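Full structure from sequences and hints, please.
If you read the protein sequences in the order shown, they are chains A and B. Quick note, in my numbering, the first sequence goes up one by one and the last residue is 649. Quick note, in my numbering, the second sequence goes up one by one and the last residue is 115.
The set of hints was computed from the structure by calculation and includes no laboratory data. On a predicted model such as this, the values are computed, not experimentally measured, just so you know. Glycine included, C-beta positions come from ideal geometry on N, C-alpha and C. Treat each hint with caution, since some may be false.
To be verified - Straight-line distance between alpha carbons at most 25 Å, and here's what the computed DSS-like set of lysine-lysine pairs gives: (1) B:Lys103 - B:Lys114; (2) B:Lys114 - B:Lys102; (3) A:Lys508 - B:Lys103; (4) A:Lys648 - B:Lys103; (5) B:Lys103 - A:Lys622; (6) B:Lys102 - A:Lys648; (7) A:Lys574 - A:Lys508; (8) A:Lys508 - B:Lys114.
Stated by the list, open to error - With beta-carbon atoms standing in for the labels, derived distance ranges: (9) A:Leu625 - B:Gly69: 22 to 28 Å; (10) A:Phe492 - B:Val107: 18 to 24 Å; (11) A:Met594 - B:Val80: 17 to 23 Å; (12) B:Leu24 - A:Leu625: 32 to 38 Å; (13) B:Gly69 - A:Ile639: 37 to 43 Å; (14) B:Gly69 - A:Asn509: 41 to 47 Å; (15) A:Gly598 - B:Asn111: 37 to 43 Å; (16) B:Asn111 - A:Leu498: 18 to 24 Å; (17) B:Gly69 - A:Ala631: 35 to 41 Å; (18) B:Asn111 - A:Met483: 52 to 58 Å; (19) A:Gly598 - B:Leu101: 44 to 50 Å.
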Amino acid sequence: MDLFEIIFYFFAAIVLVSALVVVLSKNIMYSAFSLLFTFFGVAGLFVLLNADFVGITQIMVYVGGILVLIIFGVMITTKVTGVDIKEGISGKLQYAGAGIITLLTAIFLSLMFINGKWITGSSTDVHATIHQIGTLLMTKYILAFEAAAILLLIAFIGAALIGRRKA
Amino acid sequence: MNEIPQGYYLLLAGVLFTIGTIGVLTRRNAIIIFMSIELMLNSVNLTLVAFSSFFGDSSGQIFVFFVMAIAAAEAAVGLAIVLALFRLKKTIYVDEANILKY
Numbered sequence: 483m484d485l486f487e488i489i490f491y492f493f494a495a496i497v498l499v500s501a502l503v504v505v506l507s508k509n510i511m512y513s514a515f516s517l518l519f520t521f522f523g524v525a526g527l528f529v530l531l532n533a534d535f536v537g538i539t540q541i542m543v544y545v546g547g548i549l550v551l552i553i554f555g556v557m558i559t560t561k562v563t564g565v566d567i568k569e570g571i572s573g574k575l576q577y578a579g580a581g582i583i584t585l586l587t588a589i590f591l592s593l594m595f596i597n598g599k600w601i602t603g604s605s606t607d608v609h610a611t612i613h614q615i616g617t618l619l620m621t622k623y624i625l626a627f628e629a630a631a632i633l634l635l636i637a638f639i640g641a642a643l644i645g646r647r648k649a
Numbered sequence: 014m015n016e017i018p019q020g021y022y023l024l025l026a027g028v029l030f031t032i033g034t035i036g037v038l039t040r041r042n043a044i045i046i047f048m049s050i051e052l053m054l055n056s057v058n059l060t061l062v063a064f065s066s067f068f069g070d071s072s073g074q075i076f077v078f079f080v081m082a083i084a085a086a087e088a089a090v091g092l093a094i095v096l097a098l099f100r101l102k103k104t105i106y107v108d109e110a111n112i113l114k115y
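What follows is the structure, given as C-alpha cells:
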C-alpha cells in the first residue's frame with residue numbers, strides 16, 4: 483500500500499463518515515460542523531486528482547461562504563423545538579419510500595459506474611491547471627462565464643430582497 | 014503517479030450522492046435538506062473532476078466552477094426563503110409549510 487492509496491482511503495473515510503453524520507445526526511449544529519469536514523475531504527480528493535485550483539476554490543467558496551451562511555441560518559432558526567423526523571404511519575411510509583428510492587439510486591449509479599466504458603486519455607502527467615483554466619474561461623467559455631456572473635448578481639439581489647425585514 | 018483506479022473515485026461519488034439522497038428524503042428540517050443538496054452537488058463535482066483528470070482535459074474543471082457558482086446562488090436564495098418562512102410561520106419544517114394545500 484503506497485502513499486497515494488493511504489491518502490485516498492484517509493480522505494474517503496473522512497468524507498463518508500462526516501457525510502453520514504450530516505444526514506443522520508439529531509443535533510443540527512453537529513450536522514453543520516461535520517459538513518465542514520466533508521468539504522475539506524472533497525477538497526483533498528480534488529488535490530489528489532491534480533486539480534489544485536479547484537480544491538482551493540472548494541475551500542474558499544464552500545467553507546468560507548456557503549458553510550458560514552448555513553451556520554448563520556442554523557443559529558437564527560434554532561429556537562424551533564420538535565422531532566425532526568416524521569412519526570406515525572405516514573412517517574413509516576415516508577421511510578419506506580425513501581429507502582426504496584435510495585436503494586434504486588445506489589444500484590443505478592453503481593451499475594453505471596462499474597459497467598460504463600469510460601474513455602481515459604493518454605496524457606495524465608502532472609501539470610499545473612491554473613493556466614489552462616484561465617485560458618479556457620477567457621476564450622471558449624466566456625459567454626457562460628458572463629452569464630454566471632449576471633446570475634449571481636440577480637440571485638444576491640433577490641436574496642437580499644426576500645430576506646430583509648419589512649419596514 | 015496516480016495509481017488509484019478511476020472507478021474508486023466514481024464509486025465514492027456515487028455513495029456520497031446516495032447519502033445526500035437519504036438526507037433530502039427523510040429529514041424535515043429545511044436547513045438539513047440544504048446541507049444534503051450541497052453533499053449531492055459535491056459528489057457530482059467529484060465525478061467531474063475525476064473524469065477531467067483521467068481524460069487529461071481541463072474543460073471538466075471549468076464545469077465545476079459553474080456548479081459552484083450555482084450552489085452559492087442557491088444557498089443564498091434558499092436561506093433567504095428559510096428566513097422569510099421562519100419569520101412568517103415560526104417553523105422551518107418543510108411539511109408544515111402547507112398553506113397552499115387546502
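Structure-based check of each hint:
A C-alpha spacing of about 18 Å is found between Lys103 (chain B) and Lys114 (chain B), which places the hinted pair at or below 25 Å, so the restraint holds. Our distance criterion of 25 Å between C-alpha atoms is met by Lys114 (chain B) and Lys102 (chain B), whose separation comes to about 15 Å. Restraint check for Lys508 (chain A) and Lys103 (chain B): satisfied, since their Cα atoms lie roughly 20 Å apart, inside the 25 Å limit. At roughly 16 Å between alpha-carbon atoms, Lys648 (chain A) and Lys103 (chain B) fall within 25 Å of each other, so this suggested pair holds.
Simply put, Lys103 (chain B) and Lys622 (chain A) have alpha-carbon atoms about 47 Å apart, too far for the 25 Å limit, and the pair is violated. Restraint check: the Cα-Cα separation between Lys102 (chain B) and Lys648 (chain A) comes to about 15 Å, which is no more than 25 Å; the hinted pair holds. A hinted pair counts as satisfied when its Cα atoms are at most 25 Å apart, and Lys574 (chain A) with Lys508 (chain A) qualifies at roughly 18 Å. Under the criterion of a C-alpha separation no larger than 25 Å, the hint pairing Lys508 (chain A) with Lys114 (chain B) is inconsistent with the structure, at around 29 Å.
Against the hinted window of 22 to 28 Å, the Cβ-Cβ separation of Leu625 (chain A) and Gly69 (chain B) comes to about 25 Å, which satisfies the hint. Distance hint check for Phe492 (chain A) and Val107 (chain B): the Cβ-Cβ separation is about 35 Å, which falls outside the suggested range of 18 to 24 Å. With their beta carbons about 19 Å apart, Met594 (chain A) and Val80 (chain B) fall inside the hinted range of 17 to 23 Å. Remark: the range hint 32 to 38 Å for Leu24 (chain B) to Leu625 (chain A) is upheld by a beta-carbon distance near 35 Å.
Checking the proposed 37 to 43 Å range against Gly69 (chain B) and Ile639 (chain A) shows it holds: the Cβ atoms sit about 40 Å from each other. Checked against the given bound of 41 to 47 Å, the beta carbons of Gly69 (chain B) and Asn509 (chain A), roughly 44 Å apart, stay inside it. A C-beta distance of roughly 41 Å is found between Gly598 (chain A) and Asn111 (chain B), which places it inside the suggested range of 37 to 43 Å. Asn111 (chain B) and Leu498 (chain A) have their C-beta atoms about 34 Å apart, which leaves the hinted 18 to 24 Å range violated.
Restraint check, Gly69 (chain B) to Ala631 (chain A): a C-beta distance of roughly 29 Å breaks the suggested window 35 to 41 Å. Between Asn111 (chain B) and Met483 (chain A) the beta carbon distance is about 53 Å. The supplied range of 52 to 58 Å therefore holds. Remark: the range hint 44 to 50 Å for Gly598 (chain A) to Leu101 (chain B) is upheld by a beta-carbon distance near 46 Å.
Comparing the model with each earlier hint shows violations of hints 5, 8, 10, 16 and 17; every other hint is respected.
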